Amino acid sequence: MVEQPSAPTSMEEVWKKSYPEGNQRYIEIPDSSVYKLLMDSASKHPNSTALILFGKKITYMKLLSMVDALAFSLKERLRLFKDSKIGLILPNSPQYVISFFAIAKIGGVIVQTNPIYTETEILNEYKTTETSAVITLDMYYPKIKNLAKDGISIVVTSIKDFLTPLASMVYSRKTRNDPKPEKPTYEGRIFRFKDLIKSGSSPEEQVETKLDPVLFQFTGGTTGVPKAAMLSHRNLVANATQLKAWHSSLREPGKFMSTLPFFHVYGMMTSMILPVTTASTMILVPDPRDTETLLKLIKKYKPDYLPGVPTLYKSIINHPNLKKFDLKSIKVCVSGGAALPVDTLKRFEEATGGLLIEGYGLSETSPVIAANPVDRNRRKVGSVGLPLSNTEFKIVNPYSLHEVPVGEEGEIFVRGPQVMLGYWRSESETAGVMEDGWLRTGDIGRFDSEGYLYLVDRKKDMIISSGYNVYPREIEEVFYRHPDVIEAAAIGVPDERRGQSVKVYVVKKEGSNVTEQELMAFASKQLAPYKRPRSVEFKKDLPRTLVGKVLKRELRTDQTRNPRAGRRL
1 MVEQPSAPTS MEEVWKKSYP EGNQRYIEIP DSSVYKLLMD SASKHPNSTA LILFGKKITY
61 MKLLSMVDAL AFSLKERLRL FKDSKIGLIL PNSPQYVISF FAIAKIGGVI VQTNPIYTET
121 EILNEYKTTE TSAVITLDMY YPKIKNLAKD GISIVVTSIK DFLTPLASMV YSRKTRNDPK
181 PEKPTYEGRI FRFKDLIKSG SSPEEQVETK LDPVLFQFTG GTTGVPKAAM LSHRNLVANA
241 TQLKAWHSSL REPGKFMSTL PFFHVYGMMT SMILPVTTAS TMILVPDPRD TETLLKLIKK
301 YKPDYLPGVP TLYKSIINHP NLKKFDLKSI KVCVSGGAAL PVDTLKRFEE ATGGLLIEGY
361 GLSETSPVIA ANPVDRNRRK VGSVGLPLSN TEFKIVNPYS LHEVPVGEEG EIFVRGPQVM
421 LGYWRSESET AGVMEDGWLR TGDIGRFDSE GYLYLVDRKK DMIISSGYNV YPREIEEVFY
481 RHPDVIEAAA IGVPDERRGQ SVKVYVVKKE GSNVTEQELM AFASKQLAPY KRPRSVEFKK
541 DLPRTLVGKV LKRELRTDQT RNPRAGRRL
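Numbering follows my numbering, with no gaps: position 349 of the sequence shown is 349.
No lab work stands behind these hints, which were simulated from the structure alone.
Fair warning: this is a prediction, and the values are worked out from it, not measured in the lab.
Among these hints, one or two may not hold up.
With a Cα cut of at most 25 Å, we get these calculated SDA-like pairs of lysine to any residue [as the list claims (entries may be wrong)]: (1) Lys-160 to Leu-295; (2) Lys-460 to Val-406; (3) Lys-324 to Ala-167; (4) Lys-331 to Tyr-301.
Based on the provided sequences and hints, a complete structural model is requested.
Below, the structure is given as structure tokens:
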């Protein structure tokens, strides 16, 4: 049955008129578990290639058998059951995919863990979520080995476990000078991953798809305090179904360049769950920072889709040997995670011939809630597009909570089947952002007359200068127009006269002689007086998350420590 809202928003008729041909505003979301997505694809396409890792190919039938074996071992050997919290500290790899669906099969909860976290950060995350076990790569084992003393089971694997003999030899040669990780002693609560995937199967644990969480995704949310967003089976299945329905090309098996880290919700959905839902091939990239290897893999395997973030697309178009690589197989790319500069979009499309569109999502929404039409004539550069099927937006005054007129800026609220259950054991935090199915995103945006959504900025990043609201994204876009600017990030800094003034951190092109004063003069010609930057500071690079978001809190901390740094007006 197709569910529709009982009280549609004022924009509903506008969206229906703007929706791409062949797309429906409301679609049926299957009452399915996450594991069933894999089971269905393996049943229909058993001999199709599911995974490729440096030449090693795994079919859907083989993938399902290893998932079933691991699920059996988790229950019978590790004594993990429904609602058990299990951490994953893995790069994009067969082990990650196998572990993810095996945990889902037993009704467990995946605790997403960033591999670069410190031992303290990991311990805090697992203590908060009451994690019972962790599956990790051998190089991360030293950071978590003490967990076994607290009764937490540790499953250890090596990237070499799934490499071909040739690739294994090359890997050993490349890493021979790297520090060797401490080898675990496989006894007590410590297990070898490859021993757990040999054989065995048991029935899938029955779950309440709308109520049972399958994933804990840590997020700063709207307050910046880390907490675990609880995503249900229904949330993830809904978002995969919505993305699959967004364009006809996504409804058939294809090839995905799985470059975005799976431990981030955007990478997990667009580069793993969506491909599994469509029985597509995932070309796994464990290290997305190695652009040369990425280009070689694109040339060799000719993927159709490359979900990414602006920093990924920038690294491709700025690669010195770009012209050596044939990228013309790429059909569609969806960019998220951060604002996509117009120059990056144009240069990437020129290099590939593919279509690069911008979308929008949050950890709390599984994550995708909007995307541009997959149509060069219908997408709007600078917009994050239209709401996905079954998804609604409203834009409200953040103080009165009344809806604002079309074209006016306000806080974005979202409602849909992909919106989280809430934050783990944080009732007050959940109540602060959710009411009657609506989620407060903490983002400022506006609609145009056709219902397309434009992100203005994060509410918490907004600068108030001389009583006016100043949105960093607008300032940054001006700086990106300068030919010597590679990256720009604007923040507000204390100002006795204005309350706050604008400071811009800039990464300039190598060899450029542009000065801070020249950039401020360039920007001042295009901005109202209260928006004009009062200081510019050059940096070699900007602090970022692994999915490309600029860590503005680190820039604000840097400014507090060095308030006189940079050239001022």
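Does Lys-324 pair with Ala-167 here, judged by a C-alpha cut-off of 25 Å?
It holds: about 23 Å lies between the C-alpha atoms, which stays within 25 Å.
Taken at face value, is the distance from the CA of Val-406 to the CA of Lys-460 at most 25 Å?
Since the Cα atoms of Lys-460 and Val-406 sit roughly 23 Å apart, the hinted pair holds (cutoff 25 Å).
Going straight from one Cα to the other, do Lys-160 and Leu-295 come out at no more than 25 Å?
holds, 22 Å
Hint check: Lys-331 vs Tyr-301, CA-CA at most 25 Å. Holds or violated?
holds, 14 Å
Comparing the model with each earlier hint shows no violations; every hint is respected.
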